[in-house]
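> In case you want the letters, here they are:
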Amino acid sequence: MSSGKSSTALWAVTFVIAALFIAFLLYIGIDIITKGLGNPSKWLITQPFVLLGATTWFIIGGILWALGTVLFFMELLGWTIRGGGKLVRQVIRWDPVDVSIVALTAAVYGGALAATGGIPIIPGFTWIRPANALAPLFGVLFGIPGALGTAIGNFIADALSGYLSVGSIGGFIGNFIIAYVPYKLMRDQTFRTPRSIVEFYVWGVIVASVWCSLYISWWLDALSPVIGLPTEFIWGFFAPWVIFNNAFITAIVSPILGYILYPPIKARGLHWTDRVEFK
Amino acid sequence: MFDQYATLTIIGVIILLIGIALYATRKKGGLMLTLIGGLWLFTMGLYYGLAATKLYGSRSILLNVIGIIILIVGAALSIVYIKKYLGQAKR
Numbered sequence: 001m002s003s004g005k006s007s008t009a010l011w012a013v014t015f016v017i018a019a020l021f022i023a024f025l026l027y028i029g030i031d032i033i034t035k036g037l038g039n040p041s042k043w044l045i046t047q048p049f050v051l052l053g054a055t056t057w058f059i060i061g062g063i064l065w066a067l068g069t070v071l072f073f074m075e076l077l078g079w080t081i082r083g084g085g086k087l088v089r090q091v092i093r094w095d096p097v098d099v100s101i102v103a104l105t106a107a108v109y110g111g112a113l114a115a116t117g118g119i120p121i122i123p124g125f126t127w128i129r130p131a132n133a134l135a136p137l138f139g140v141l142f143g144i145p146g147a148l149g150t151a152i153g154n155f156i157a158d159a160l161s162g163y164l165s166v167g168s169i170g171g172f173i174g175n176f177i178i179a180y181v182p183y184k185l186m187r188d189q190t191f192r193t194p195r196s197i198v199e200f201y202v203w204g205v206i207v208a209s210v211w212c213s214l215y216i217s218w219w220l221d222a223l224s225p226v227i228g229l230p231t232e233f234i235w236g237f238f239a240p241w242v243i244f245n246n247a248f249i250t251a252i253v254s255p256i257l258g259y260i261l262y263p264p265i266k267a268r269g270l271h272w273t274d275r276v277e278f279k
Numbered sequence: 001m002f003d004q005y006a007t008l009t010i011i012g013v014i015i016l017l018i019g020i021a022l023y024a025t026r027k028k029g030g031l032m033l034t035l036i037g038g039l040w041l042f043t044m045g046l047y048y049g050l051a052a053t054k055l056y057g058s059r060s061i062l063l064n065v066i067g068i069i070i071l072i073v074g075a076a077l078s079i080v081y082i083k084k085y086l087g088q089a090k091r
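Going line by line, the protein sequences match chains A and B. Under the working numbering, the final residue of the first sequence carries the number 279; numbering is consecutive throughout. Under the working numbering, the final residue of the second sequence carries the number 91; numbering is consecutive throughout.
Since the hints were made in silico from the structure, they are not lab data. By construction, the Cβ of each residue, glycine as well, lies at the ideal position given by its N, Cα and C atoms. Some clues are possibly wrong.
As the list claims (entries may be wrong) - When the alpha-carbon atoms are kept at most 20 angstroms apart in a straight line, the in silico EDC-like pairs for lysine to aspartate or glutamate are as follows:
1) K28(B) <-> D95(A)
2) K27(B) <-> D95(A)
3) K42(A) <-> E232(A)
As the list claims (entries may be wrong) - A few chain A residues facing chain B, derived, Cβ under 7 angstroms:
4) V97
5) A115
6) F155
7) L164
8) T193
9) P194
Let the hints inform the model, and build the full structure from the sequences given.
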């Protein structure tokens, strides 16, 4: 009886946390609409970038870029970090099922991004990408193959939306990171407990969105002589916008999709925990 | 002048060739790299095709339609293949 009550209380707290988080993101969205897309320096979400300045963010972004790049190659080469910071071998089969999972997630993510590109899902927000909600889920459900599919899917979407450039290499690994962070750091990936939902908000929504944004922004800034984007645009518009764009949709849609998709994927033996071994 | 698209194409070709070489020598990860290289070059093909038809960077609804086609065809083919492979594995 008391365990039932404490469980209900935990769920209530979780719903309050989720509701507050979504309300905060909605507030940021309303703030952007009222101040106008042409005034990014006035947006609430841009203020940390204005206060600390482009140089500071370039340094922070550089550290996250280096860390993200090392993790990306390490994971693809079959090494990973487990509990206690131990470096261990991970055995991903890379059999036809894993390869199909990469193709599936790439097609669904890339196709969905392109299918909804330029469509104003929310009035005034033509750049909102509803398919962003899939990226962290693919990591949590399929592990590295899902994260890799997410990276390729974003690359395909760049070609269809007219944003393909060497900057897309940053987008490739940046989107891998969105999927990788919750896959690696969520302890309960079932989307069926208060802990799982709170963990998703911390790792899948906040940390993944910020890391992805700073990763891509640093890459765009470092290559600005080639790509041609001004530093003020990258840190004063692009970086805060990508954080908001990812976090907004992910916070609302992903936990619901995760709740629906986890059982059938787990039942068919496609969940990463059933397909990866650690040595 | 630095050609971004030629650079991206060369990267795709290198990934594909390494993947094929690893796959041919039955090394692990060969299939994965071949797939990455293949999809990378598929993307570059998509870009060159769109650029040639002047659709690249436009706001044409056709681009959304291509996205829907990639989503449906890609997902359907992958699911059919996964089901087939899992069915074979059970037997």
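> Can you list which hints this structure breaks, lowest number first?
The structure conflicts with hints 8, 9, although it agrees with all the remaining ones.
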